[in-house]
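Number of protein chains: 4
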Amino acid sequence: SNNFFLLSGPCAIEGEDMALRIAEHIVEVTQKLKIPYVFKGSFKKANRSRIDSFTGIGDEKALKILRKVSETFEVPTITDIHEKSDAAMAAEYVDVLQIPAFLARQTDLLVAASETGKVVNIKKGQFMSPESMKHAVTKITETGNEQAMITERGTMFGYQDMVVDFRGIPTMKQYAPVVLDVTHSLQQPNQSSGVTGGRPALIGTMAKAGIAAGVDGLFMETHFDPANAKSDGANMLDLSLLERLLTDLVALRQVVSGF
Amino acid sequence: SNNFFLLSGPCAIEGEDMALRIAEHIVEVTQKLKIPYVFKGSFKKANRSRIDSFTGIGDEKALKILRKVSETFEVPTITDIHEKSDAAMAAEYVDVLQIPAFLARQTDLLVAASETGKVVNIKKGQFMSPESMKHAVTKITETGNEQAMITERGTMFGYQDMVVDFRGIPTMKQYAPVVLDVTHSLQQPNQSSGVTGGRPALIGTMAKAGIAAGVDGLFMETHFDPANAKSDGANMLDLSLLERLLTDLVALRQVVSGF
Amino acid sequence: SNNFFLLSGPCAIEGEDMALRIAEHIVEVTQKLKIPYVFKGSFKKANRSRIDSFTGIGDEKALKILRKVSETFEVPTITDIHEKSDAAMAAEYVDVLQIPAFLARQTDLLVAASETGKVVNIKKGQFMSPESMKHAVTKITETGNEQAMITERGTMFGYQDMVVDFRGIPTMKQYAPVVLDVTHSLQQPNQSSGVTGGRPALIGTMAKAGIAAGVDGLFMETHFDPANAKSDGANMLDLSLLERLLTDLVALRQVVSGF
Amino acid sequence: SNNFFLLSGPCAIEGEDMALRIAEHIVEVTQKLKIPYVFKGSFKKANRSRIDSFTGIGDEKALKILRKVSETFEVPTITDIHEKSDAAMAAEYVDVLQIPAFLARQTDLLVAASETGKVVNIKKGQFMSPESMKHAVTKITETGNEQAMITERGTMFGYQDMVVDFRGIPTMKQYAPVVLDVTHSLQQPNQSSGVTGGRPALIGTMAKAGIAAGVDGLFMETHFDPANAKSDGANMLDLSLLERLLTDLVALRQVVSGF
Chain A
1 SNNFFLLSGP CAIEGEDMAL RIAEHIVEVT QKLKIPYVFK GSFKKANRSR
51 IDSFTGIGDE KALKILRKVS ETFEVPTITD IHEKSDAAMA AEYVDVLQIP
101 AFLARQTDLL VAASETGKVV NIKKGQFMSP ESMKHAVTKI TETGNEQAMI
151 TERGTMFGYQ DMVVDFRGIP TMKQYAPVVL DVTHSLQQPN QSSGVTGGRP
201 ALIGTMAKAG IAAGVDGLFM ETHFDPANAK SDGANMLDLS LLERLLTDLV
251 ALRQVVSGF
Chain B
1 SNNFFLLSGP CAIEGEDMAL RIAEHIVEVT QKLKIPYVFK GSFKKANRSR
51 IDSFTGIGDE KALKILRKVS ETFEVPTITD IHEKSDAAMA AEYVDVLQIP
101 AFLARQTDLL VAASETGKVV NIKKGQFMSP ESMKHAVTKI TETGNEQAMI
151 TERGTMFGYQ DMVVDFRGIP TMKQYAPVVL DVTHSLQQPN QSSGVTGGRP
201 ALIGTMAKAG IAAGVDGLFM ETHFDPANAK SDGANMLDLS LLERLLTDLV
251 ALRQVVSGF
Chain C
1 SNNFFLLSGP CAIEGEDMAL RIAEHIVEVT QKLKIPYVFK GSFKKANRSR
51 IDSFTGIGDE KALKILRKVS ETFEVPTITD IHEKSDAAMA AEYVDVLQIP
101 AFLARQTDLL VAASETGKVV NIKKGQFMSP ESMKHAVTKI TETGNEQAMI
151 TERGTMFGYQ DMVVDFRGIP TMKQYAPVVL DVTHSLQQPN QSSGVTGGRP
201 ALIGTMAKAG IAAGVDGLFM ETHFDPANAK SDGANMLDLS LLERLLTDLV
251 ALRQVVSGF
Chain D
1 SNNFFLLSGP CAIEGEDMAL RIAEHIVEVT QKLKIPYVFK GSFKKANRSR
51 IDSFTGIGDE KALKILRKVS ETFEVPTITD IHEKSDAAMA AEYVDVLQIP
101 AFLARQTDLL VAASETGKVV NIKKGQFMSP ESMKHAVTKI TETGNEQAMI
151 TERGTMFGYQ DMVVDFRGIP TMKQYAPVVL DVTHSLQQPN QSSGVTGGRP
201 ALIGTMAKAG IAAGVDGLFM ETHFDPANAK SDGANMLDLS LLERLLTDLV
251 ALRQVVSGF
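Chains as they are written, first to last, in the numbering used here: chain A, 1 to 259; chain B, 1 to 259; chain C, 1 to 259; chain D, 1 to 259.
Keep in mind that a hint or two might mislead.
The list makes no distinction among identical chains, and a pair is therefore deemed to hold if it is satisfied within one copy or across any two copies.
[What the hints assert, rightly or not] Result set (DSS-like, lysine-lysine): computed pairs, CA atoms no more than 27 Å apart in a straight line:
#1 Lys134 - Lys230
#2 Lys45 - Lys84
#3 Lys118 - Lys84
#4 Lys61 - Lys34
#5 Lys68 - Lys32
#6 Lys173 - Lys61
#7 Lys64 - Lys45
Simulated from the structure, these hints should not be mistaken for lab results.
Chain A on its own, in the form it takes in the complex (with noise of 0.2 Å):
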């Protein structure tokens, strides 16, 4: 169909219960609306701002609990690596592997990455511009893996802020399909506590704009406790606005992919 694809889930997994409940949901939603869906949850942490913040479950443990959420609602996940070995080690557990902004320079990453044969998701740096883009995309197809996206998160705007250039999209969809991650991008860094700030408020303006500007999917982070998640709680869709949410997003879908 023509509809657009979520990659959607915790920030974190904290734990199998949080997963399955939050997968559960979105896997009921998305089915009653066609949305091609992949479930989204970090087994780790890497780049947290202060040392002091929360990393994970354990690395096994929450790779696992990834699987499950597969097999039990036959859908493909995806999750982050930070490191060359943690490559192949997440690949025997997810379908897509995605590669954090702040690391969308490290070549060794996006090499290792690609020659798992998974789907590899890019996010775009917030130091990057959408051309510079293209050299990343190429690095993974150089190694013979035609199965780039990229993830546009939001570009620094002076220290504490960060912007979408939705001139970008159409740019960057040159390259690669395009995903837009409505919550990272809603972030606000470097905030004098040592935790990232945001604005959960505009989640629909920033996903509607997307859609009309013609990304292929979305990315949103979500927990049925935003308040109480272990990381990003600042930034991440309440579990509860999903589905009104989404229900808008597909009648729009169907308008723009008409013109």
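Add chains B, C and D to chain A, keeping to what the hints say.
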């Protein structure tokens, strides 16, 4: 109705024939599409990068052409003013006074415009935040004029580029109706030539994202021959592309206004 | 000599006593340190964020105080103008006309200032590149006035911050003498209060870096009681700190001018 | 003494002869000028824009050359690491481990570097605020290592430019000794060619402003033939210009350290 409105016309009034020709076409298209329309034309260009740039055909001559357009096609008109003394003069000829982005902080100019009783369209300075437009609107309302509008036209991003921050649309709608200037938003200023550049191929992307984000109106400069326009040719929409674009935007608006 | 020159005084002329008191102190210090000195004071503040900000004590009254300072201490004076008609009026009272940063692209204003024959100090717009100041200076020189100066006062960096790009100093020195405005460079605009913030503790760092980078002059606003100044109190230098700072800067300049 | 220290050498270790030749010259100059000196060379370039960029001559081979430079000239050495496993390996050969700017948020990498007991030089991410470097330094000190340093190398300013914010120098000196990387600070990233550009003519301006602003050390990449260097040729200092520049900087430092 629930449609968006349109401010459109050439950048500068170069002469009567071109103004009438452009107005006639836009009037025809917008009537068909039921888009409320205001004809736009500058009677003077006061802030060119270079001293040898085109600045106008004479103030009164240009203002009279604006009036003629208004009378011929029964449409309201808008023009931009640059000094206090322009306000009363221009108000005799047009329906909406526009404050240029560079001048959005000049209190005397805003107050002079406001005191004419006309609608005042304040362009957001390239150096201003969406939140700071609250104070600009207050300068109008405290003079007793309730007809302020805000136009987004991009924010400075590095020396030679601009970016539209769509997070600002809902923010500014709290203060006044919000227009997206899709052609100036695509400018690339401070080029070494002393002539501002632009990316007109992205006009459609920008306009669609704006409608999806909830703007009340669109602003776009257009010309039947952008390459030979006397100012801002680098980012104007070719008049022949207008109907196709507006048709899509009206369809998009219909969906969005149902959310 | 090889010393730098100094443009300094209060932000706004609040009255005769305060102007004379500030001038007297700066004249004494700069004579001791052999720094060519120009007294600075605004006769009107035309671009405040909020409509209820202080704008002045009356144009002619303030201009007469500027003349009195000049006659009393035998120093030249500088003030900023905002509309074409201000140029000839202010030129009767002061020696240097200053174009505010927000107005650096207003051709008519630059030409009007230039045609008075006075020195014209153009502040670089917060939205302009160093290279684009070439065109601003040309607007002065093509009117037959060879006495243009450029003042750097920071460039927009995100919505609420400014940054000084020291790479621009050598670039702009190709076009005209370059001044660093160390107090406005430390402003933080667009604060939610509608009152511009600042970081005056960094005035010394900024001034020293400027001298080392080769500026021809420094601009700094000062007041004997910054907390009670009627405008820009957030970033002015306390007058009691001036002598110590200038003494260091003269020593630095001596070394730098020998390179 | 009160002198600044210098981290300098080629960008990448291209071979033994070039490393020794560059080291010999810098050692001679810095001994004459009494500048504490650390030889810098990368054993691997892991984050090139393009996949076909030069990445190194082999890790162990390059590290052994670093040791040879150290033994030959009795100078400490510094190299940058990219994955946790690099830390212990590189620590066998060099005295200072450097965290690349893109990786400044990778907690595991900082901790691994810290646990070697070596000095750790963290480059400020192009996407980080000066204030956020406090948290980066804490990641070192909480591991029990008190020898962190911070290196400023510019902050993203639009897509294709960087700017050094000198306000950050005093801020970051609160957390650790601060170095200014004058050559990378002049980079212009994301060029359409996929090769980073630069403005080496401004190295002197940048270095002088840095010393005046109070940095503890300078970092500069140099080569006897920048045009033929295998990486970062666009912004390196020609080795033949080093002595003249350092001589000026030592004189400047002497004045500044007396303030």
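Hints versus structure:
For a Cα distance limit of 27 Å, the shortest separation of Lys134 from Lys230 across copies, 22 Å, qualifies, whereas the shortest one inside one copy, 34 Å, does not. Within a single copy, Lys45 and Lys84 get their C-alpha atoms as close as 15 Å, and across copies as close as 15 Å, so both meet the 27 Å cut-off. Taking the closest pair of Cα atoms, Lys118 and Lys84 come within 27 Å of each other both inside a single copy (14 Å) and across two copies (24 Å). Taking the shortest Cα distances, Lys61 and Lys34 never come within 27 Å of each other, neither inside one copy (31 Å) nor across copies (55 Å).
Taking CA atoms no more than 27 Å apart as the test, Lys68 paired with Lys32 passes inside one copy only; the shortest distance there is 22 Å, against 56 Å between copies. Within a single copy, Lys173 and Lys61 get their C-alpha atoms no closer than 36 Å, and across copies no closer than 41 Å, so neither meets the 27 Å cut-off. Proximity of Lys64 to Lys45 under the C-alpha cut-off of 27 Å is restricted to the intra-copy arrangement: shortest distance 16 Å within a copy versus 34 Å between copies.
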